[in-house]
Amino acid sequence: SQQGEEDPQALSIQEGENATMNCSYKTSINNLQWYRQNSGRGLVHLILIRSNEREKHSGRLRVTLDTSKKSSSLLITASRAADTASYFCATVRTSGTYKYIFGTGTRLKVLA
Amino acid sequence: GAVVSQHPSWVICKSGTSVKIECRSLDFQATTMFWYRQFPKQSLMLMATSNEGSKATYEQGVEKDKFLINHASLTLSTLTVTSAHPEDSSFYICSARDRQREPSDTQYFGPGTRLTVL
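Each protein sequence line maps, in turn, to chains A and B.
Reminder that position 12 of the first sequence reads as 12 in our numbering, one-by-one numbering, no gaps.
Just add 112 to the spot in the second sequence (first one is 1) and you have our numbering.
Check the hints yourself; a few may be wrong.
Okay, derived cross-link-like pairs now, DSSO-like style, lysine-lysine, Cα gap no bigger than 30 angstroms in a straight line [stated by the list, open to error]:
{"id": "1", "chain 1": "B", "residue 1": "Lys153", "chain 2": "A", "residue 2": "Lys26"}
{"id": "2", "chain 1": "B", "residue 1": "Lys132", "chain 2": "A", "residue 2": "Lys99"}
{"id": "3", "chain 1": "A", "residue 1": "Lys69", "chain 2": "B", "residue 2": "Lys153"}
{"id": "4", "chain 1": "B", "residue 1": "Lys178", "chain 2": "A", "residue 2": "Lys99"}
{"id": "5", "chain 1": "B", "residue 1": "Lys153", "chain 2": "A", "residue 2": "Lys99"}
{"id": "6", "chain 1": "A", "residue 1": "Lys99", "chain 2": "B", "residue 2": "Lys176"}
Chain B residues, not near chain A, derived (Cβ > 12 angstroms throughout) [unchecked claim]:
{"id": "7", "residue": "Lys132"}
{"id": "8", "residue": "Ser185"}
{"id": "9", "residue": "His197"}
{"id": "10", "residue": "Asp200"}
Everything labelled a hint here was simulated from the structure, so no lab data went into it.
Just so it is clear, CB atoms sit at the ideal spot from N, CA and C, and this is done for glycine as well.
Given these sequences and hints, build the entire structure.
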């Protein structure tokens, strides 16, 4: 399967703590994107990091990319109950037809 | 900007009937639209890619006669689940890509359609 993997599969933390999710992929990529999905809803785009970038910030989000290890991490700082959702990474390959390869996802639960 | 809608948001149908799901890009022209299927607590699986005015490209294992996709305009794609059976019950999500918008590699997702086949 081409599908990427994310860990942990599930994460439960207290409000105010930081949450870190990791994503590993298998092929060379142009970029990697992170999405959030609230239960029973569509995906909301969070952040895109290109293959020549190592770190990117957006508000309370920090994303890193290590192309040598084919991995990325998403850090959510000072988490809130509203951050409770599933988080997916999606990669776009450098070759072949354009499409997303999704990771398996991390289910984050932030306890108030 | 980059809003994608889906209709209906949920549908319940009897086994053997056909169901049509619409996906619309509301404020941009979608050169490409994608249809995904998602089972509970699992990731999204790409079913097919459709470009406006041409036939959809289906992923391996997806029956094209079962899941009919039409992309008649730059703002509308439809997925028809023909002769639906209980195993077709799932969450179907569409996305759209606008190659004129930066970043051009980003897909924008609809809210999804929950299909339940009795």
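Now the hints, each set against the structure:
1. Distance check on the hinted pair: Lys153 (chain B) and Lys26 (chain A) sit about 22 angstroms apart at the alpha-carbon level, within 30 angstroms; holds.
2. In summary, the hint linking Lys132 (chain B) to Lys99 (chain A) is supported, as the alpha carbons are separated by about 24 angstroms, within the 30 angstroms threshold.
3. Between Lys69 (chain A) and Lys153 (chain B), the direct Cα distance comes to roughly 27 angstroms. Compliance with the 30 angstroms bound is thereby established for this hinted pair.
4. For the suggested pair Lys178 (chain B) and Lys99 (chain A), the alpha carbons sit about 22 angstroms apart, so the restraint of at most 30 angstroms is met.
5. For a cut-off of 30 angstroms, the pair hint linking Lys153 (chain B) to Lys99 (chain A) stands: about 22 angstroms separates their Cα positions.
6. Restraint check: the Cα-Cα separation between Lys99 (chain A) and Lys176 (chain B) comes to about 18 angstroms, which is no more than 30 angstroms; the hinted pair holds.
7. For Lys132 (chain B), the shortest C-beta to C-beta distance to chain A comes to about 19 angstroms, beyond the 12 angstroms cut-off, and the non-interface label holds.
8. The Cβ of Ser185 (chain B) lies farther than 12 angstroms from every Cβ of chain A, with a closest approach of about 21 angstroms, so its non-interface assignment holds.
9. Even its closest Cβ contact with chain A, about 22 angstroms, leaves His197 (chain B) beyond 12 angstroms, as expected for a residue assigned away from the interface.
10. Once the 12 angstroms rule is applied to beta carbons, Asp200 (chain B) is consistent with being away from chain A; the minimum gap is 18 angstroms.
Hint compliance for this structure: every hint is met.
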